[in-house]
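The residues making up each chain are set out below.
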Amino acid sequence: MMMQVDEFQPRIVAFVCNWCTYIAADTAGVARARYSPNVRLIRTMCSGRVDPQFVLAAFEKGADGVLLCGCHPRDCHYNSGNYKTLRRYTLLKTMLAQMGFEGDRLRLEWISASEAEKFRRVVEDMTERVRKLGPLKSNGGN
Amino acid sequence: MAEKPKVAFYWCASCGGCEEAVVDLAEGILDVVAAVDIVFWPVALDFKVKDLEAFEDGSLAASFINGAIRLSEQEEMARLLRRKSKYVIAFGSCSHMGGVPGLANLWDRQSIFDWYYHKAPSVACGSVQEPKETVKVPEGTLELPAFWDTVKSLDQVIDVDYYLPGCPPTPKLLANAVGALLKGELPPKGAVLAGTRALCHECHLNDAKPEKLLLKELKRVHLTTVDPEKCLLAQGILCLGPVTRGGCEALCIKGVMPCTGCFGPTDEVRDQGAKGISYLSSIVDFDDEADIQKVLECVPDPMGTFYRYSLPRSYLVRAKEVKPHA
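From first to last, the protein sequence lines are chains R and W.
In terms of this note's numbering, the first sequence has 87 at position 87, counting the first letter as 1, and numbering is strictly consecutive.
Count along the second sequence starting at 1, add 1000, and that's the number in this note's numbering.
Bear in mind the hints are in silico, worked out from the structure with no lab data behind them.
All residues carry an ideal CB built from backbone N, CA and C; glycine is no exception.
Mixed in with the good hints, there may be bad ones.
[Unchecked claim] Now the stretches of chain R that chain W is said to cover, found in silico as 3 or more residues with beta-carbon under 8 Å: (1) 25-35; (2) 44-55; (3) 97-103.
Working from the sequences, and respecting the hints, build out all of it.
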């Protein structure tokens, strides 16, 4: 897969849980699965560790999309972190829509340690969707 | 007799409630007037801008500026007061974080004008003049301040030394601030002159707050009969006390209304709205998507709920894309 130099290269920040998606991403790497280099992984101990402030800070610092990844329901290493993430995501989604963000810019996916292929697919799909949306417009003006 | 320190009060995009807070000092204002010279206070005293300009730079002890910055004139005045004053104190939520006027950042100048001067049902005949920055009349050209796309907090425009939070700040906090100023016992620059812990710590209903707070239902306060002796959260009413800076002594809760967050977040939190989301997500006691949706529908406007006073200070500053008014 060649990157087209002239097409828009979105920056996507992915917060990935140490116990599931991070391992899936690692497995994808070992398996030499190819996926877009547009995604920047940030490993957290749990998706529940991702404060909504991190998501907004990512957008502020130039991310065009943010991907939250955690363990499937009932699989959380800490019992309930992923449920908390689901609740935060639900509210964040409403709030970002009020701010004029397109829905595809924030995405939540459950990706277990064995789902390297799903990780690859999600990253590819999200990159394409955000690429279509174009860059996130800059803040403000006067 | 040594000259008294000079103090100015000014208002920008605000409702006038902060001015009221000064008057609410009641007889306490006599002590203030005895200790300082109020040299500029447009809402109460007849001084002109040229009087302020005539002072030497840095000759005022302090300026208390309330209101957000929405117009070019407000920014000019803020800069002038900054130049003339040793300390600038952002007074009230609007000045501190953008306040309620800051919610206008969900729109921009054009969409606001479209609505208010053309499309709103109260506009007669649909042919109302929008305010213009310059108007030619036979006597010459008149100028009006520019109306900007973005509402800003005071510290996004000038350097601010201290913040007095609140909508409005309580007379007690104002009196403390003036006292500290006169005695020269000021905290480090940038401090918020209120509590440092969350409001719950000083709330009289804190003892009635359950050890573990989990809610299966959220109630709207205007549709609920509230027990004034019981923690509002325990009754299912969304109170922002746990994520709001203390210092107001839980005035609203004493009036049986939930905290709406006017003192802003505590020092550890940068983005009040994001933290509000985090907090509500922690206390909703459902794991299933449909159940979660159902509970959260009771917060139809998360933006207005969690950023009621602080949208301009959010990470995102303002709306990316403006939707026309419905």
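To see whether the hints hold, each was checked on the structure:
Counting residues of the region 25-35 of chain R whose CB lies closer than 8 Å to any CB of chain W gives 0, which falls below the minimum of 3, so the coverage claim is violated. With 4 residues bearing a CB less than 8 Å from a CB of chain W, the region 44-55 of chain R meets the requirement of three and the coverage assertion stands. A count of 4 residues in the region 97-103 of chain R with a Cβ less than 8 Å from any Cβ of chain W is obtained; the coverage claim is therefore met, three being the minimum.
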